[in-house]
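S.K.: Could you put the whole structure together from the sequences, leaning on the hints where they help?
Number of protein chains: 2
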Amino acid sequence: MEHIASWEPSRIPRVSNGSPRATGTATISGAAGQLREHGLRVTPQRRAILVVFSGDAGHLSADQIFEQATGEVPELARATVYNTLTEFLRAGIVRRVVGLGAVLYELDADAGHHHFRCSACGELFDVNPEGAAALDLPGGFEVERTQIMFEGLCERCSSEGN
Amino acid sequence: MEHIASWEPSRIPRVSNGSPRATGTATISGAAGQLREHGLRVTPQRRAILVVFSGDAGHLSADQIFEQATGEVPELARATVYNTLTEFLRAGIVRRVVGLGAVLYELDADAGHHHFRCSACGELFDVNPEGAAALDLPGGFEVERTQIMFEGLCERCSSEGN
DNA sequence: CTCCAGTTTAGATGAAATCCGATCTAGGAG
DNA sequence: CTCCTAGATCGGATTTCATCTAAACTGGAG
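Heads up: the sequence lines are chains A and B, in that order.
Mapping of the first sequence onto the working numbering: position 145 corresponds to residue 145, and the numbering continues sequentially without gaps.
Mapping of the second sequence onto the working numbering: position 85 corresponds to residue 85, and the numbering continues sequentially without gaps.
If you are wondering where the hints come from, they were derived from the structure by calculation, not from laboratory data.
One thing to keep in mind: the hints can contain errors.
[As the list claims (entries may be wrong)] Have a look at the derived ranges for each label pair, beta carbon to beta carbon:
hint, chain 1, residue 1, chain 2, residue 2, range
1, B, G39, A, L89, 18 to 24 Å
2, A, C121, B, G30, 34 to 40 Å
3, B, R156, A, S159, 44 to 50 Å
[Claimed, not checked] Listed next, the stretches of chain B that the computed footprint assigns to chain A, with coverage defined by at least 3 CB atoms under 8 Å from CB atoms of chain A:
hint, region
4, 32 to 46
5, 140 to 154
From the three backbone atoms N, C-alpha and C, an ideal C-beta is built for every residue, glycine too.
M.R.: The structure is reproduced here in structure tokens:
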């Protein structure tokens, strides 16, 4: 059976479309301040995870983050990665990108752009946000489907003050 | 630890916003023709699965489809549900809606609208497609994030003729 | 320095999805 | 109608992603 999208973490290359990534400023030391700014306790694990994002990585799965952060903090547990990512999410440091397969994370500073997923190989590319009409996709990319996902609080939850 | 979104299949209510669902026309007998139109072999399992969508269900998880279709075809295997949904996807009968938790499926005829996910309870609602600017969301819904996902073939895959 | 709320850990647990070989069957050919 | 085979299904194991739990640890306020 043919895979519509594979489950393996798979390398997630980025398409270089004009806007070079504002190279992450988070050094090991800078990460501490960044954490404190967001009211988060500073721990070696959190710094290591935050620093992983400062590379030119783009979107990362929890597993990729775990693998890379383990280089800094060998005893790191997977649960800690998930806990930390949830904290970062709450603090607005990262945002989630859901698709098929594993959930991906990227710096919230990188937000504003949209995503293109290849229906054949499953890879995820960034798309220039300059208006949904002018997709600014490199030639050769063929859009088959477009889906807009809004996220926030529904009527019931917002009235319950969640 | 608080759940950002639960994993349970969860009831997926639909927001009634003006456009009443074009009630599915697939009866058990009509389903056969619909399958043939798409070049798919007609089997009891496929008919049962297709009929599940003709209810007023909206988005359904593979598990919900399995549960409901089992009423018609008790020996139905989960793998068959996944295989069939993949075939339906390829044939353009259904489309996928990815979010957190299980992947959901809906009739492709219902396509064109977008989705709103509640970040507190995880429920998924339909959003009127009349322009992304005029969301046509019922009062009380608070949009925190917007993400547009394009899907299709990337440069490499489209040149390889996938 | 001391203390404790908040963090982290290892391993168990759970859910979604897929794989695989054996078996069955829809529907075209004869 | 019957036969035949490509394609569909079965069922149960497996894989992957994510979360939970309880015990141990620690950042940083005081």
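S.K.: Determine for every hint whether it applies to the structure shown.
M.R.: Going down the list of hints, with the structure as the test:
no., hint, result
1, G39(B) / L89(A): 18 to 24 Å, "43 Å, violated"
2, C121(A) / G30(B): 34 to 40 Å, "36 Å, holds"
3, R156(B) / S159(A): 44 to 50 Å, "48 Å, holds"
4, 32 to 46, "violated (count 0)"
5, 140 to 154, "holds (count 15)"
Checked against the numbered hints given earlier, this structure breaks hints 1, 4; the rest are met.
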